[in-house]
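The chain contents come next:
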Amino acid sequence: MTVKRLSAPTLLLLPAVLVLAAVVVVPLCLSFYSSFTPFRLTRPETFFTFIGLRSYRNILSDANFWWAFGRTVLLLTIALNLEMLLGLGLALLVEKASRGQRLLRTIMMFPMMFSPILVGFQFKFMFNDNIGLVNNALQSLGVTRDAIPWLIEGHLAFVAISIAEIWSSTSIFAILILAGLLAMPKEPVEAARVDGCTPWQTFRYVTWPFIMPFAYIAMTIRSLDVARAYDIVKIMTDGGPAGRTELLWTLVARTAYSDARMGVANAMAYFSILLSIVFTVYFFKKLAAARTQIGAEW
Amino acid sequence: MDANASARLKRRAATIAHRVGLFLAMLFICLPGIWIVLSSLRPTVEILAKPPIWIPQQVSLDAYVAMFSGVGKGGIPVLDYFRNSLIISVTSTVLAIAIGMAGGYAFARYRFRGKSAMFLGLMLTRTVPGIALSLPLFFVYARLDIIDTHFGLILAYVALNVPFTIWLIDGFFRQVPKDLAEAAQIDGCTRWQAFWQVEFPLAGPGIASAGIFAFLTSWNEFALASQLTRSINSKTLPVGLLDYTAEFTIDWRGMCALAVVMIIPALILTFIVQKHLVGGLTSGAVKG
Amino acid sequence: MAIVSLKKLTKRYGSMEIVHGIDLDVADREFIALVGPSGCGKSTTLRMIAGLEDISGGTIEIGERIVNDLPPRSRNISMVFQSYALYPHMTVRENLGFSLKIAGAPKEEMDRRVAEASAILGLDALLERRPSQLSGGQRQRVAMGRAIVRDPDVFLFDEPLSNLDAKLRTQMRTEIKKLHAKVKSTVIYVTHDQVEAMTLADRIVIMRDGYIEQVGTPDEVFQRPATRFVAGFIGSPPMNLQEATVADGKVVFAGGQSLPLPIRFKAKVNVGDKVVFGLRPDDIYPAGHGLHSGDAADVHDVELPVTVTEPLGNETLVFAEFDRRDWVSRMLNPKPLKAGDRVAMHFDLSQAHLFSAETGKSLRA
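Residue numbers (the working numbering), protein chains in the order written: chain A, 1 to 298; chain B, 1001 to 1288; chain C, 2001 to 2365.
Since the hints were made in silico from the structure, they are not lab data. Incorrect hints may have been included.
[What the hints assert, rightly or not] In silico EDC-like pairs for lysine to aspartate or glutamate, Cα to Cα no more than 20 Å straight-line:
#, chain 1, residue 1, chain 2, residue 2
1, A, K96, C, E2053
2, C, K2250, C, D2301
3, A, K186, C, E2159
4, C, K2178, C, D2153
5, C, K2266, C, E2358
6, B, K1050, A, D129
7, C, K2007, C, E2061
8, C, K2178, C, E2030
9, B, K1010, C, D2054
10, A, K96, C, D2054
[Unchecked claim] Some residues of chain C that are not near chain B, with every Cβ distance over 12 Å (derived):
#, residue
11, R2012
12, S2015
13, A2027
14, K2101
15, D2153
16, A2166
17, A2181
18, S2258
19, D2282
Glycine residues also receive a C-beta, built at the ideal position from the N, C-alpha and C atoms.
Please construct the entire structure, taking both the sequences and the accompanying hints into account.
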């Protein structure tokens, strides 16, 4: 018996671990290493030149990087919060509907079916300053006579991107929160109404504590995939105009593929990975806590 | 009586507010999709018209005909993209499900050291942004000479889908009572048989929906595909959509038609899985 | 003074009417039980009083104030739910004080009233626990405590004991009765268990299919059931009921057997009338083992074969065949019997009931 027998769970998890190691972990180690080299795709020999932390020093002193970083955090903060709020609102609206629940729920899931690239495209179309639905509508209604340069002016472009982002991801929150509402026992809510609660108090003290874990599940799932905003931005503005909507991810792509500066791009990519991980771990912790609480009490 | 009247009024106002809110929300959700379908059926002149023409005057399938009529006639190789998308998505889904089922079962049925850390670790691999992952993959794939191949993209997508598939399938197996498998073992099954005879059929619908979810992820993926594919050998539909924007003038109608082609499979599949999907994601929430 | 008054109260879901314009007056400090089989509309009625269901017609008055459209919080009621409906994320203390907190009561008053309620119900040791750490009976007590803390005009109970096991149910029943004696408030209590209704209530409202069948004290509904349904519903084991036809001086059953027509019904029926004959198990007994000695004129003896016996210790239920079906008899001070034995049974016809077969109404006038 020289070979130790593997336990069942180890054996079952082995394929997953192997694939993820091969496709994610090892390449990431490689890219981590290359972030310490001046590696350029066009000059493979640079892969073996070690320059220490120079790439990191460079990007940390690069204003463009910080702008992109700040903008990314801002977009995520705005988008995630609004998605959560709107998702909650939507779920409450649908839950309260007495008729056509099935239809409403199906419609609610609609944006989930759109790939981010499609979302980007459809909003690029709708926000087009010349032929877009938004400007056409605003002009027909007489709100404005001039075409609003949605995707051409920096701030407006940021707004347009946020709207696209929110449109595409609100349904995740709505669906999961609705699942929570439907799973919730009805009597505590009725008891609260009899106990003298206004609808707002009922929500605040009884409903919300119950559906909170569901909101955290949605947040966790969502934070696993925050980088999908890349697809949307890529097609809507590609970081433009003049870098005014540049996010961390578009900046990484540009540095790596247009400028071919792989080493620097990898260093930046590590910041984006870190950002995702921070988001995910944070919500995962909250989710775990909320789960145990609700599991023990409800 | 006064209090009753005002209470009644308040309730009626709330009902109306609710209906209006619901209507506006649904409108906002549906409008972009409807607009795209509509635009794909209208002649370009109408799309570009100033002042805008709201009600379509002419409806035709020209855009779809042009799209499928192949390269050279203003079309893009949609059929090739479609085929690539299908092959890559289906294969990667099947593999991800097989791997995910093993992993999900391990999480649902066994206790082992570092379980929650392991789970979190698997999830974290999913958080790596596609574009960040594409850098080293591009380099490695170039070395291995698997850029612009189906195999390369399939491998990447399996890795992309495994964590989430494990999460979902873990949830579905937890919904199958442990007693059932134990009863089957007492009835003379091996653990292996018990799994296939009892647990697998019961978790089946959930696993199917996890599969569809994985399929959709692959079908819609852009960040990796845009860097790891080059030509009609392996380009998928999302990357193909960019073909239209590459030129100076955008063929809005053509893009809308392609968008509709992309959305239809996703639409059908999502309808099928919606119920199970939510159940799988939330099963842990109530039962801990 | 009627503190709760229902007038032509109606509930419809779409075209389905499930409560058909019922009238009911509940007096101050009265304990009223709504009882009936599931689906009879008793819970819906209670929920309409609470304001948890909209009413489709009629009026509800609480404390001489019409509350038809008021939300539950404006009705000054409290309610105990079947599933207790405790707030799982709050401690017992928080649960008890919740309604006061919502009403903005000062801290001292809140503490005082929570302490009072907790003392009455013996919850002092449990105040810092969460509902998930309590047993069924304890949860039940917390739910009642939550109700009494509010000092409402009316207490509403919706099948509060049906989730408890039999032993605990009996125990809690006694506690509710003691509680009512202590807090002296108006109670409307819904249950499907007629024993609960009989033991607790001042008056019982028996409902069926959205109609009120009878309203009366426990004694009235037991002794003088207004309808065949009430007769069969109240009492355990239930009254023996058998369709029959009135003949000259007797009632003839489907199987051809007959019993003398009880004297007090002689003026109420005509020959050929279709009736339902009813006699409680207490009023059929083997000679010498009954409740009453019986008015000699109205006691009828029949010798019947025993089919099954159910000994309960102090009494035995004897199932004996008469006119091709089993009649239940309650034998006090029991003697051993076995299936197949033939026993002389006293039928105490002074206690018999007759109902119209057509309308189900009692023919007693």
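How the hints compare with the structure:
no., hint, result
1, A:K96 to C:E2053, "holds (15 Å)"
2, C:K2250 to C:D2301, "holds (14 Å)"
3, A:K186 to C:E2159, "holds (16 Å)"
4, C:K2178 to C:D2153, "holds (19 Å)"
5, C:K2266 to C:E2358, "holds (19 Å)"
6, B:K1050 to A:D129, "holds (12 Å)"
7, C:K2007 to C:E2061, "holds (8 Å)"
8, C:K2178 to C:E2030, "holds (14 Å)"
9, B:K1010 to C:D2054, "holds (14 Å)"
10, A:K96 to C:D2054, "holds (15 Å)"
11, R2012, "holds (17 Å)"
12, S2015, "holds (21 Å)"
13, A2027, "holds (24 Å)"
14, K2101, "holds (24 Å)"
15, D2153, "holds (15 Å)"
16, A2166, "holds (27 Å)"
17, A2181, "holds (34 Å)"
18, S2258, "holds (58 Å)"
19, D2282, "holds (47 Å)"
When held up to the earlier numbered hints, the structure conflicts with none and fits them all.
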